[in-house]
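Protein chains in written order, with the UniProt record's numbering: chain A, 1 to 287; chain B, 1 to 788; chain C, 1 to 168.
Watch out, some of these pointers could steer you wrong.
What the hints assert, rightly or not - Below, simulated SDA-like cross-link-like pairs (lysine to any residue); rule was C-alpha separation at most 25 Å, straight line:
id	chain 1	residue 1	chain 2	residue 2
1	A	Lys29	C	Arg147
2	B	Lys24	C	Ala80
3	B	Lys498	B	Asp569
4	A	Lys29	B	Ala132
5	B	Lys669	B	Ser532
6	C	Lys55	B	Gly437
7	B	Lys168	B	Arg184
8	B	Lys130	A	Ser46
9	B	Lys130	C	Glu18
10	A	Lys29	C	Arg3
11	B	Lys130	C	Glu14
12	C	Lys55	A	Asp27
13	B	Lys130	A	Asp27
14	C	Lys55	A	Arg83
15	B	Lys130	B	Ala66
16	B	Lys24	C	Arg147
17	B	Lys130	C	Ala80
18	A	Lys171	A	Ala190
19	B	Lys24	C	Glu76
20	C	Lys55	A	Tyr47
21	A	Lys29	C	Met1
22	B	Lys130	A	Tyr47
23	C	Lys55	A	Arg64
24	C	Lys55	A	Ala190
25	A	Lys29	B	Ala136
26	C	Lys55	A	Arg99
27	C	Lys55	A	Val137
28	B	Lys130	A	Ala190
What the hints assert, rightly or not - Computed list of chain C residues with no C-beta within reach of chain B, every gap over 12 Å:
id	residue
29	Ala2
30	Asn7
31	Lys55
32	Glu123
Stated by the list, open to error - Only some residues are given here: those of chain C computed to face chain A with a beta carbon under 7 Å:
id	residue
33	Glu16
34	Pro19
35	Arg20
36	Thr42
37	Asn44
38	Lys58
39	Ala61
Hints in this document: simulated from the structure, not taken from any laboratory. Beta carbons: idealized from backbone N, C-alpha and C, even for Gly.
These are the residues of each chain, in order.
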Amino acid sequence: MIPPAFDYVRPASLGQACRALAEAGEDAKVLSGGQSLIPLLRLRLSYPTVLVDIGRLPEPRAIRDEDDHVFIGATATLDEVVRSAVVNAEVPLVALAARTVADPAVRHRGTFGGSLAHADPAGDLPAVALALDCEFVIASARGERTVPAAGFFQDYLETALAPDEILVGVKVPKLGPGWGFHYEKFHRTAQAWAIVGVAAAVRRADGGVAAARVALTNMGATPLRATAVEAALRGVPADADAVAGACAGADAGTSPPADLHARPDYRRHLARVLTRRAVLAAARARP
Amino acid sequence: MTAAAEKAPPDGTREEVGRARRRKEDARLITGRTQWTDNIQLPGTLHVAFLRSPLAHARIQQVDTAPARGLPGVVAVYSGADFAAEQGSLPCAWPVSDDLVVPDHPPMAVNEVRYVGEAVACVVATDRYKAADALAAIEVDYEPLPAVLDMNEALADGADKVHEAGNKAFTWTFAGGDIDAAFRDAPVVIHRTYVQQRLIPSAMEPRAVVATTDGDTCTLYSATQIPHVLRVMLALTTGIPEHRLRVIAPDVGGGFGSKLQVTAEEVLLLLMTRRLGRPVKWTESRSEGNLTVHHGRDQIQRVKLAADRDGRVRGLSVDLLADMGAYLMLVTPGVPLLGAFMYNGIYKMDAYDFRCTGVFTTKMPTDAYRGAGRPEATYAIERVMDELAAELGIDPIDVRRRNWIAHEEFPYTTIAGLTYDSGHYEAATDRATALFGYADLRAEQARRRQSRDPVQLGIGVSTYTEMCGLAPSRILGSLRYGAGGWEHAEVRMLPTGKVEVVTGSSAHGQGHETAWSQIVADSLGVPFEDVSVLHGDTAVAPKGMDTYGSRSLTIGGMAVLRACEKVKDKARHIAAHLLEASAEDVEYTGGSVRVRGTGAGRTIQENALAVFTAHDLPDGVEPRLDAQATFDPENFSFPHGTHLCAVEVDTETGMSRIRSYVAVDDVGKVVNPLIVEGQVHGGLAQGIGQALFEEAVHDADGNLLTTTLADYLVPSAADLPDFITDRTETPAVSNPLGVKGVGEAGTIASTPAVVNAIVDALRPYGVNDVRMPCSPERVWRALNGGAS
Amino acid sequence: MARITVNVDGIRFEEEVEPRLLLVHLLRDRLGKTGTPIGCDTSNCGACTVLLDGKSAKSCAVLAVQADGCDIATVEGLAAGGRRHPVQTAFHEEHALQCGYCTPGMIMAAIDLLRTDPDPSDEAIREGLEGNLCRCTGYQNIVRAVRRAASIDGPVNGEQAAAREVPA
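Excised from the complex, chain A in its bound form (with noise of 0.2 Å):
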């Protein structure tokens, strides 16, 4: 199918592209890889009147190391996400889950921060940026502000960012040592997106789970946080039976869609299951 038609426009600059959003009012749109965006257009979901491309400027498409944390800038990538040496050191789980998004042609288009702006609840990124505590910055032409991931992803689709403003990057905390991670993706076919996620962070200490983040893909509108489950974690010892029990509660406080490949009952069930294996896998891995 063909997209409906629009104006485009290639700023030079993160400042023209703040103003130039700002002049295109509320049907305007960010481009960046265009890997959601452009099937969208084509199936004409989506009638922007204008799309600022953003996908060029330098700045926002960095990977740094910056002390406690390391900036993924928004227009990096998937596919340098994942091959990211500093991603892969410092921040593990985001490639690990980046390199399940899609298939690698997409991700060589595709960005880090499109994913993230995009904020489908069923995309694999939203749910580690959410168990990370990840930072998002973001630039209008009223300035710059950090957001949260906590407060970033609001409602299916739906984000803390407003018409005018573009997501710069993200700074993704490192969790010092002792930290292991692992990305549970549950999908039909290798391309379909996944049924349930579940995104984990697993600190060891004496042979026992010191302390645990996790969160879920596809439970609900937004990404959701497992607290009771992270709680619940903490202290028990790293074996299949413990761990286990701790999960029993994955499913609390979501509320998962109906779709073509899942009900809710059945996606409560998965989280249970996932986010126990999700997190032995992150108990084992090497820190």
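Got chain A sorted already, so can you dock chains B and C onto it with the hints?
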């Protein structure tokens, strides 16, 4: 066995038939020089876009095309009313019964729409973007009518109607033997209901049509499997005289039955090019195609099997509901009949009873999809044979062995009335179990059951046969099919000794150019490279019945072989004259005509030049070394095989993963093992797709939810295992090459093999069925006592 | 309208395009590069895969304006001077295509895969090609072809390939 392992004949000759020739077709396909229909860019081409019904059932009150006229680039806008006088009704060529209701099926809806996606208007514009844009300006007022989606509800008294005449399209029955006697006092009776979900064929090339006219003749390029049938049907539908209509199927990117159709778009583009006097082109998008390419399967099978305690099958009764969708397309009502003679499978039994009811619903019509009727039948019998085995505590291979036709019993006339000409089920099964490591896997299964492993192992068996090579014209006639089943070929020796083969088969990925070249090379004794194969254009190959139903080699290939024989007869006659010998004294061997016992001879190439110059031909011989031939088989052919599948089922999540898959097929003599193996692989992928992934899903209003490849799950490389394939070779006796056909075997065999494996894994949990596709959720629900 | 410059298979084109024009339509409808087909509208099938500045991309999910200034390699440009690319040869040798509609995209995706993983395992090949759907082959021979191409050093021309044909 890999194709590369094929051995040269022990006598050192280089026969082409049987050789793993790399394909001639590949040169253009791997370099991007293919001529897909959408690649054809005729000067002045206009582009067509269709406005399609958003409702499953509605009366069209008004279509206002005026707002779209005058938009940039728009040349014309039409509604159904604009074509009402000339568009006719899309044909159904298989009126299966006296009671068949054939509803009027206008290519563009005029008064009523009956499925989401039915065309209601169209725009013709200077490019595809402008055509797509203008659709939004057309205004259609609909009066919604009730959607009719469920076959059982559709047949109930007082049901909402799809058509005035009601929702029942036809009833068709068959009875062999005394079914009441078979079930009377039967010690074991098994009832099951199986659902063949609706499938979307999903050929990778979307449909595309280009129509043009020079004012006298119309030419239609279409991504079709059936240029010849299409030409006849379009002539009858549109009134364009057949001799002024040329149909071309350029390179066609897969079909699997979905391009065995006379489509609304083909009719309408012909009408538009006639009206506008310019070439018009339409190429569907995938999401448009998922709505409007005919769907496959969609049957509910109520199966009842009677058996003795020792596992011997006494009788089988099948009551089938087949969803026609909203209209009857080319062979819609015939698809279940293609299965009707196959429910007994490879087994002997005393009685068999079949009843099929065709039902109208407000969905896209169904029609042929790879296997067409036979996968459904095979699924039902192979599933229920496993149920019998489980009921009696017998190994599923043993229960089959107790019932199948032994190799010494061929030819064997089955309870369904077909005569299976040859087969060796024992050999295929022995080979398959050996390759599979059947005993070891059973032992592992026992261990996992014992240890209550959360990942259980299931083993699925499928011993199938199918009727291939559609078909003897006389049998088709007795089943009321609207055409014959012959195929045609012409073989032409060119003056330089090269050979042109014209075939009525219409390949769309099968590799006919290569396989036909091999047959001709052997028959005429010419180099493989010296043969070229022409097809797919009614001006070049004027006579044919096209490609479907695994018929190309068994029928089309035989026509080629016959034409070669005729060419050789001529060559002998001419050479005898030139060699001053009597015709009885010359023989054709190794590409030359030789006088027996003298060594004198002439090559076929020399003969070809002599014919061209015509300086010294026998009296009454025309200067041409070519021949036409038609082949109409006496019987179907019956490929068979044994497929074994091991599936690991994660009982916690319901996820099924194929661990190993062995396919031993007997397709008779093999012309090109490389092509045969490829057909098996692809067939397996589609059959596994039905078992695990694929389903066309509608919501309660009749909207298709699986309109894209994001929702309709076609498996990728990462979703399928490596297959172990091998063959046994029991030649068919119904054709001179002993070939049987292979296009559908993999699809027919694999679906029950996979589902049998999943059910086998779950049997200790009290599960005896999982509805297809066996999604993780369905498996999980089955495990947890709910309906799957 | 926007003015763009693209370099397609070594030839430079300057075009005035609507911003919404898809790269694949630029290639097919404007530049006559019909070797790259279209199989879907959701970037699932991969039939339209090309190399964009050396990396695989689905040309149906790229706007022509996004490709401004880029190098685009399609299947049509692979056989330089009549010498087939090893991946093309391997697809032919291993019967890795039937209808051939997915083949251009599959070949480009395979080339990209081998760029980043010159000696992939079967599993890596299957995962690396997960974004390219084929309805004919069941993928087994595609996996074989990629493995075979990985074992070939440098471009192999057609005659050599024919000479290597395995005797049947």
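Hint-by-hint comparison with the structure:
no.: 1; hint: A/Lys29 with C/Arg147; verdict: violated (42 Å)
no.: 2; hint: B/Lys24 with C/Ala80; verdict: holds (20 Å)
no.: 3; hint: B/Lys498 with B/Asp569; verdict: holds (18 Å)
no.: 4; hint: A/Lys29 with B/Ala132; verdict: holds (22 Å)
no.: 5; hint: B/Lys669 with B/Ser532; verdict: holds (23 Å)
no.: 6; hint: C/Lys55 with B/Gly437; verdict: violated (43 Å)
no.: 7; hint: B/Lys168 with B/Arg184; verdict: violated (31 Å)
no.: 8; hint: B/Lys130 with A/Ser46; verdict: holds (18 Å)
no.: 9; hint: B/Lys130 with C/Glu18; verdict: holds (12 Å)
no.: 10; hint: A/Lys29 with C/Arg3; verdict: holds (21 Å)
no.: 11; hint: B/Lys130 with C/Glu14; verdict: holds (22 Å)
no.: 12; hint: C/Lys55 with A/Asp27; verdict: violated (32 Å)
no.: 13; hint: B/Lys130 with A/Asp27; verdict: holds (22 Å)
no.: 14; hint: C/Lys55 with A/Arg83; verdict: holds (14 Å)
no.: 15; hint: B/Lys130 with B/Ala66; verdict: holds (16 Å)
no.: 16; hint: B/Lys24 with C/Arg147; verdict: holds (22 Å)
no.: 17; hint: B/Lys130 with C/Ala80; verdict: violated (37 Å)
no.: 18; hint: A/Lys171 with A/Ala190; verdict: violated (29 Å)
no.: 19; hint: B/Lys24 with C/Glu76; verdict: holds (18 Å)
no.: 20; hint: C/Lys55 with A/Tyr47; verdict: violated (29 Å)
no.: 21; hint: A/Lys29 with C/Met1; verdict: holds (18 Å)
no.: 22; hint: B/Lys130 with A/Tyr47; verdict: holds (16 Å)
no.: 23; hint: C/Lys55 with A/Arg64; verdict: holds (23 Å)
no.: 24; hint: C/Lys55 with A/Ala190; verdict: holds (21 Å)
no.: 25; hint: A/Lys29 with B/Ala136; verdict: holds (22 Å)
no.: 26; hint: C/Lys55 with A/Arg99; verdict: holds (16 Å)
no.: 27; hint: C/Lys55 with A/Val137; verdict: violated (29 Å)
no.: 28; hint: B/Lys130 with A/Ala190; verdict: violated (36 Å)
no.: 29; hint: Ala2; verdict: holds (15 Å)
no.: 30; hint: Asn7; verdict: holds (17 Å)
no.: 31; hint: Lys55; verdict: holds (19 Å)
no.: 32; hint: Glu123; verdict: violated (8 Å)
no.: 33; hint: Glu16; verdict: violated (13 Å)
no.: 34; hint: Pro19; verdict: holds (3 Å)
no.: 35; hint: Arg20; verdict: holds (4 Å)
no.: 36; hint: Thr42; verdict: holds (5 Å)
no.: 37; hint: Asn44; verdict: holds (6 Å)
no.: 38; hint: Lys58; verdict: holds (5 Å)
no.: 39; hint: Ala61; verdict: holds (5 Å)
Checked against the numbered hints listed earlier, the structure breaks hints 1, 6, 7, 12, 17, 18, 20, 27, 28, 32, 33; every other hint is satisfied.
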